[in-house]
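Make a model of the complete structure from these sequences and hints.
Residue numbers (my numbering), protein chains in the order written: chain H, 1 to 200; chain Z, 1 to 314.
Hint data in this document are derived by calculation from the structure and do not stem from the laboratory. Fair warning: this is a prediction, and the values are worked out from it, not measured in the lab. Glycine included, C-beta positions come from ideal geometry on N, C-alpha and C. Hints should not be assumed to be uniformly reliable.
Said to hold, decoys possible - Restraint-style ranges between C-beta atoms, simulated for each label pair:
| hint | chain 1 | residue 1 | chain 2 | residue 2 | range |
| --- | --- | --- | --- | --- | --- |
| 1 | Z | LEU311 | H | ASP26 | 18 to 24 angstroms |
| 2 | Z | GLU81 | H | THR14 | 34 to 40 angstroms |
| 3 | Z | ASN265 | H | GLU21 | 14 to 20 angstroms |
Stated by the list, open to error - Residues from chain Z shown here face chain H by an in silico Cβ test under 10 angstroms; the list is partial:
| hint | residue |
| --- | --- |
| 4 | GLU166 |
| 5 | ALA223 |
| 6 | GLU225 |
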Amino acid sequence: MNIKKDDSPPDYYTLFQIPPEASKIDIINAYRHAKLAYQQDSLAIYSLFSEQDLDQIHAQIEEAYSVLSDPIKRRDYDALHLQAGTNSTPFHEAGENVIPLHRQHADSPGNNESEVKSEEGDIYSGEALREIRETKKITLEYIAQRTKISKRYLQAIEDEESENFPETVYLRGYLRQYASQIGLDPDKLVRHYPPLSDQE
Amino acid sequence: MPEIKQAQSPQSIPRQPHVWAVGGGKGGVGKSFISANLGLALGKQGKRVVLVDLDLGSANLHTCLGMSGSGKTLSDFLTGEISDINDLIHKTEIDHVGMISGAADNLQIANLKYFQKAKLLRNLKSIDADYVILDLGAGTSFNTLDFFVEADRGLISVMPDPTSIENTYRFLKCVFMRKLHSAPPETKILMNRVLTQRQQDGKKTHSLATFLSVMDGLHPEYAPELRDNLSSLQLHLIVNQVLEPRDTELGHAMQMTCNRYFAANVDYLGYLHHDKLVLQSLRQRSPFITAYPQSRNAVHIEHMASSLMTLDDH
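As structure tokens, then:
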């Protein structure tokens, strides 16, 4: 069995083991603890991680700190992450900055019952995913580089081109990694991504 | 044991004791010392405590308590000579604290038969006490793991040296795998394959977190249940015999790395200093916490006991 490791970073708060309401001092301390825990001569990593793992973890620690220590980046991250990952509130209720454009139209007067029923599917449609990604100014190339997923597959996910999908089991994995990169809940995306829902 | 029974208020409703297991992958890391002194610390706070020596192959909990180890032992219960496990309890020098001895037993815990283990597990909960503390032997035999996994809390003693740390991670990996032993056979096969297959660099095996992410992809309907099952373990790290100030940070660091590698929470309970008074108390045949109540290690142990009691009270 060829095991594909999940290279997507854990959410930043989980990585630093701090709550989302952590203060600036908490974040600085957590960053210091994380640096110490994973430094090359740390006893705590003995026998547990490969060099490759550690390189990845070091990069994730720096990335997490660069976001959480910057109030604006942190606010944007929280807006997406906290809604998508830590509670059951659909992210379209989070605030205007994370509402996919087409959902704003759907919420306008005249919204009918069938639209409400397909709400989850709409939120996690390929088109909506692209909008969220572009709102966050994340390129497909960046995601491809971070996840080692071919850009062709990422493009197929956003275009919902099922003929270009990998096998379903891989597609689920790719969706999870894609979701993590743009700050969505991986479970929800796999559950509601329309081409997968159609199969089930 | 009269002291224990007298301490129970007539109005109190009989309830099962909290069971804490003290384990670790390696011998000589202070499991018996920690078990004994945590128990005595609880007793000093008025709790009714029974310490159980389950390190049957090399039992020495009685020595840490300044006792001889003679008298009835677990063997008498397992062979049926004693029918009530409470009749095995020996008095210690602290009121409300008793001990069940494994001393002089020929039984190896690893060789306990299934029905003996089941009998012991069942009866631990009928011990007449507020707290039952299990002093487990080193190693990762199924029997040792089962006592650890079935306890309400698992305490792991680790020393700041690479051998101890390596064995601690191995022990934890076995604990988590054992916790999932009731998972469907297909899941266990997959888990074994993931956890034993080496990564591309050929050096390290995959982590439990990787197994869970594989489950997320292959069986998203089962993965949350597995995570919940693992999260139900209440694990606490104690770093023992710290020498340098930076050793005290090891617990925080291991808490972080465990979270990453095992995708589970392992709490850092505290640390104990390397202290020659520990050896001195053993030579004096006197429990450490009563021989040196003002020492910094006694203070740390009492603090740990209080922290765990607070968790149990909520």
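Against the structure, the hints come out as follows:
Taking the beta carbon of each, LEU311 of chain Z and ASP26 of chain H are about 22 angstroms apart, inside 18 to 24 angstroms as hinted. Between GLU81 of chain Z and THR14 of chain H the CB atoms are about 52 angstroms apart, so this pair departs from the stated range of 34 to 40 angstroms. In this structure, ASN265 of chain Z and GLU21 of chain H meet the distance hint of 14 to 20 angstroms, their C-beta atoms being roughly 18 angstroms apart. Hint on GLU166 of chain Z holds. Least Cβ distance to chain H is approximately 4 angstroms, under the 10 angstroms limit.
Residue-level restraint check for ALA223 of chain Z holds (minimum Cβ-Cβ distance to chain H is 8 angstroms; threshold 10 angstroms). The beta carbon of GLU225 of chain Z is not positioned within 10 angstroms of any beta carbon in chain H (closest approach about 13 angstroms), and the interface hint is therefore violated.
In summary, the numbered hints that this structure violates are 2, 6.
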